[in-house]
Amino acid sequence: MRSSSSLKQEFLKKWIMGLQRCTSSNKNMSILERKKAIKLSADLAMAAARNGRTSWSRAVIANAARESDKRLLAEKILQGQESEMLLKKVSNMSAVIRNRRIIRSKKILKRSRRRTTSEPQKVLASSIAKRLVQKRTHILKSLVPGGEFMDEISLIEETLDYIAYLRAQVDVMRCIATSPHLMALNSE
Amino acid sequence: MSSRRSRQSGASRITDDQIIELVSKLRQLVPEIRNRRSDKVPASKVLQETCNYIRSLHREVDDLSERLSQLLATIDADSAEASIIRSLISQ
Numbered sequence: 393m394r395s396s397s398s399l400k401q402e403f404l405k406k407w408i409m410g411l412q413r414c415t416s417s418n419k420n421m422s423i424l425e426r427k428k429a430i431k432l433s434a435d436l437a438m439a440a441a442r443n444g445r446t447s448w449s450r451a452v453i454a455n456a457a458r459e460s461d462k463r464l465l466a467e468k469i470l471q472g473q474e475s476e477m478l479l480k481k482v483s484n485m486s487a488v489i490r491n492r493r494i495i496r497s498k499k500i501l502k503r504s505r506r507r508t509t510s511e512p513q514k515v516l517a518s519s520i521a522k523r524l525v526q527k528r529t530h531i532l533k534s535l536v537p538g539g540e541f542m543d544e545i546s547l548i549e550e551t552l553d554y555i556a557y558l559r560a561q562v563d564v565m566r567c568i569a570t571s572p573h574l575m576a577l578n579s580e
Numbered sequence: 003m004s005s006r007r008s009r010q011s012g013a014s015r016i017t018d019d020q021i022i023e024l025v026s027k028l029r030q031l032v033p034e035i036r037n038r039r040s041d042k043v044p045a046s047k048v049l050q051e052t053c054n055y056i057r058s059l060h061r062e063v064d065d066l067s068e069r070l071s072q073l074l075a076t077i078d079a080d081s082a083e084a085s086i087i088r089s090l091i092s093q
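Residue numbers (this note's numbering), protein chains in the order written: chain A, 393 to 580; chain B, 3 to 93.
Calculated directly from the structure, the hints in this document are not laboratory data. Among the clues, some could well be false.
[Said to hold, decoys possible] Here are the simulated DSSO-like pairs of lysine-lysine, each with C-alpha atoms no more than 30 Å apart in a straight line:
1. Lys533(A) - Lys431(A)
2. Lys428(A) - Lys462(A)
3. Lys431(A) - Lys27(B)
4. Lys400(A) - Lys428(A)
5. Lys27(B) - Lys533(A)
6. Lys405(A) - Lys27(B)
7. Lys405(A) - Lys462(A)
8. Lys47(B) - Lys533(A)
9. Lys468(A) - Lys533(A)
10. Lys527(A) - Lys27(B)
11. Lys27(B) - Lys522(A)
12. Lys468(A) - Lys428(A)
13. Lys522(A) - Lys47(B)
14. Lys427(A) - Lys405(A)
15. Lys27(B) - Lys47(B)
16. Lys431(A) - Lys400(A)
17. Lys522(A) - Lys533(A)
18. Lys533(A) - Lys462(A)
19. Lys27(B) - Lys400(A)
20. Lys427(A) - Lys533(A)
21. Lys47(B) - Lys527(A)
22. Lys400(A) - Lys533(A)
Work out the full structure: start from the sequences and follow the hints.
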């Protein structure tokens, strides 16, 4: 893991790049549009800082690339990086992913049907615990970008990485949002 | 490697070894379980706290985006806001 300050600097640079692109293309944004632009730029900048080396960052980029208005922003932020190629790959992949999702959900349905018919009436504490772990693993998969396609082991590693990057993103955003200079500018 | 072994045996559940490793790393990251002893934290609790933590981080990003959308009226290259942010980058 690189030093957190160099990571934050890189994130900040990319984020500003993305924001400037948004404002240059759309001069009179509503507050809501601006908020969405800020959030999207921040998420993409964070994924770009990871440079496509983790599944979650690739998933964030892929999700953005699927919508044409977000795609342009992603291209700007990822300019000159290895992960720029991901954007081109993604449009071919989206059909594959959609099919994979359908097949996977059908499999899960079959599996759960099998389980309910063969289980005994008595429920042991350990199987309750196992169910809880399963249920919460499933929730975690929905929270980490791209998590639904990961096996349990990768999920843990990706989660740790994702949390570290999320914290850096929050720190930077908070630093700017609470900057006294910025607040002074707005109170004039 | 224990991870390779469990993958080969087809086990889809998270093993105890992996949980212990996860707990030790998460303890530094997640505030809620930092103060508990590692052997007393069950896997389900670790997962629950992790999910809660990620959700709270998402919420914070959302709130900060909201705040910033009000503060950053314009981020044109020559605006005052941009120069403030640029000075923050160089620190």
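Verification of the hints:
| no. | hint | verdict |
| --- | --- | --- |
| 1 | Lys533(A) - Lys431(A) | holds, 21 Å |
| 2 | Lys428(A) - Lys462(A) | holds, 11 Å |
| 3 | Lys431(A) - Lys27(B) | holds, 28 Å |
| 4 | Lys400(A) - Lys428(A) | holds, 21 Å |
| 5 | Lys27(B) - Lys533(A) | holds, 19 Å |
| 6 | Lys405(A) - Lys27(B) | holds, 29 Å |
| 7 | Lys405(A) - Lys462(A) | holds, 18 Å |
| 8 | Lys47(B) - Lys533(A) | holds, 16 Å |
| 9 | Lys468(A) - Lys533(A) | holds, 29 Å |
| 10 | Lys527(A) - Lys27(B) | holds, 22 Å |
| 11 | Lys27(B) - Lys522(A) | holds, 22 Å |
| 12 | Lys468(A) - Lys428(A) | holds, 17 Å |
| 13 | Lys522(A) - Lys47(B) | holds, 12 Å |
| 14 | Lys427(A) - Lys405(A) | holds, 18 Å |
| 15 | Lys27(B) - Lys47(B) | holds, 15 Å |
| 16 | Lys431(A) - Lys400(A) | holds, 16 Å |
| 17 | Lys522(A) - Lys533(A) | holds, 16 Å |
| 18 | Lys533(A) - Lys462(A) | holds, 23 Å |
| 19 | Lys27(B) - Lys400(A) | holds, 21 Å |
| 20 | Lys427(A) - Lys533(A) | holds, 26 Å |
| 21 | Lys47(B) - Lys527(A) | holds, 12 Å |
| 22 | Lys400(A) - Lys533(A) | holds, 26 Å |
Hint compliance for this structure: no hint is broken.
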